[in-house]
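Peer 1: Here are the chains, one letter per residue:
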Amino acid sequence: MDWGSILSNTAAYLISPETLAYALAAIGLAVHFGYTGLLNFGQAGFMALGAYGYAISILSFDLPWWVGIIVGMLAAVVFAFILGIPTLRLRADYLAIVTIAAAEIVRLLFTTQAFDEYTNSADGLGNYHAGFRAANPIPDGTYGFGPWIYNENQWWVRIFGFALVVLAALIVWALMRSPWGRVIKGIREDEDAVRALGKNVFAYKMQSLIIGGIFGALGGVVLALPSAVVPSVYVTSLTFFLYTILLLGGAATVFGPIAGSIIFWVIMAFLSNVLPALVQVGALPFMTTIQSQVLRFILVGVALMLIVIFRPQGIFGNKKELTFVK
Amino acid sequence: MEVARKTHQRRSRLLVVLFAALFGVFALTSIGNAAHADEVGTDEYDYIFAGNVKYDSEPVGDVLIKVSGGGYNAEVVTDEDGKWRIGVPEKGKYEVTLVEDSLPKNVVVVEGEASVDAEFGLTKNKTVNFFLGQGVRVTVSFFDQFVDRAVNGLNFGLMLALAAIGASLVFGTTGLSNFAHAELVTFGAVMALVFSVFLKLDIFLAIPLAVILSAVFGYVLDAGLWRPLRKKGVGIVQLMIVSIGLSLALRYVFQYFIGGGTYQLPGAGAAEIKLFGSVALTVTDMVSMVVSVVVLLAVAWWLLKTRIGKATRAISDNSSLAAASGIDVDRVIRIVWILGSALAGLSGVLWAYFRPGIKWDMGAGILLLIFAAITLGGLGTAFGALVGSLVVGMLVEVSTLWIPSDLKYVGALVVLILVLLVRPQGILGRRERIG
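Respectively, the protein sequence lines represent chains A and B. The first sequence maps to residues 1 to 326 in the numbering used here. The second sequence maps to residues 327 to 761 in the numbering used here.
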């Protein structure tokens, strides 16, 4: 077994675009679920809107890349309104079902043949990189050391994504220590008490849904930046993985989602490298290489169950802070 | 209705010309009067699609050919030699369609589709030919199509109801929105696959075995997971996320064992028998519908007439009150899990015939429709789930008359959201059920 390449492939996921994208989307989910107590199961839909908003504005409408990002964010705002207006006044599990349904609607609309001209249906979109790469301040060449050696474009994606993650974490940190954040957390603990204080709970929930949705859309953009937009990525499992990440790190924390994403991706990368290697040297005689890849996802599901049952506050969470609405 | 008529009924020639002329005025102003000649846009553009429409070595004139792609649309009618040419602005992928309605009677495109994707190779010309042969063009009236889809929708709705009633009873008695219910559906189908295909048992033995194993699986899940969690006092939202974790784990366990492929149960894909109008069903479809109806009636009888059934409804109404009046809540919940899982397993087997095929993530495909059905009918009411399922099933199938079939689930999900706007408690739910 080649431990050198296994460890270096694993280490690459510390700063991979996937890690950063999932961290951003999980920060959005932390605003929804961790701080406000909104059961948003449609974060994959927000991500899809961000990614497609970015790609379609560049490919079909020849807009600059940064306008594409704004379009993706605006799409998320509109989506948040569509989701929020019918459901935020209702019981929490209604929001769960509506958001998961709406995210599927978004994915199916991007997958269908009917809008092939813009979405390229199931094949997805690519080749929208020119503008973003032209804005790259890094001179041509390869940089880095150890497992992190990339060319200027790969570094640009990582630095840009990392900057967005830091910015999002700062915004969430600042928001949650503001009066606005205290109201939001109050809504999570006891909605009626906050209402009795004269706060417009619906408006606060809507604002939270929009802010978290924008982070989700940015996550989608970062996921789209290095390669392509493929509709089959934005399935409900994506949202479930984000919940795993969020609950792993701690739902009502600023760094929880980031740490959760790094842990999630590093473990996934480690297993995806080490399990096939173990199979090849005959250490796991009862499974094939393909099965060893599926095993990772079984472990994700089991991990999610165990975290929720035994450590619902996550690694960094505070048990005093209720992360689950009773 | 208008759209369906246009595409499915045979158009008169006059209408084609009128339509083409109209189309020409609106869309092809740059091409001028060439809207229905044998050559369109060949002067303006360098890239040219051409073809020769022949039937039995005889050229066929007056056949309508359409080209679309990259935001460009054009159409042409073949000349008496059967020839046509269309120029297109750029080298790219276009869809070339032969409008079958414009062919002479009893002639259809026999090889491939009447609509093909064409791309230019190294040259600026591309020949697109259609292979014609004798055949009867299926022209079905709107009403017949509607009935056909509605019957299919009924079938789908019934099997959805089998799955949804279990999920609804679980929700009613425990408050859990069980995301892993979809995996119970897959479990039934996979067990039927294991017994009938892998172990080569007779299918009529395999299906009851699969349903029984599903029931056992439901019991194991309740005894091993849900009951301890209830005892621990874990919150509803936590339970919901545990069910998501369980759903992911089970789904990938199925993939681990049966791989990513699609399997068929014995007897799937049987020939359709024409019943009335344009309604044609396979024997398995008919058996499936009868089985669903019988089982659903039995469940309804159980809920209304037996002690346990009444106790189930009492717990759904008010769990503490039911416990106070001497109902063993834990026992009833256990029975609900067993019954719900068995129904879901049966529904999985029937769905494996309806789709057709068994795949590791087949249950996840209808999970949202199950939720839509439950919410539509009224969360936690068993008969609401039945009504909701039938509505959703019909809606999914009938909506394909108007919208592309790859969007058929969208219609149901949109209706779900709209219903929540107007009547959040669902069709049969009561107002105080919502918070």
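These are computed hints drawn from the structure, not numbers from a lab. Hints may contain errors.
Just so you have them, the derived chain B footprint on chain A, three or more residues with Cβ under 8 Å [unchecked claim]: (1) 138-147; (2) 172-185; (3) 240-249; (4) 254-261; (5) 308-319.
Every residue gets a Cβ at the ideal spot worked out from N, C-alpha and C, and that includes glycine.
Peer 1: So, for every hint listed, does it hold in this structure?
Peer 2: Consistency of the hints with the structure:
no.	hint	in the structure
1	138-147	violated (count 0)
2	172-185	violated (count 0)
3	240-249	holds (count 4)
4	254-261	violated (count 0)
5	308-319	holds (count 3)
The structure is inconsistent with the numbered hints 1, 2, 4, although it conforms to all the rest.
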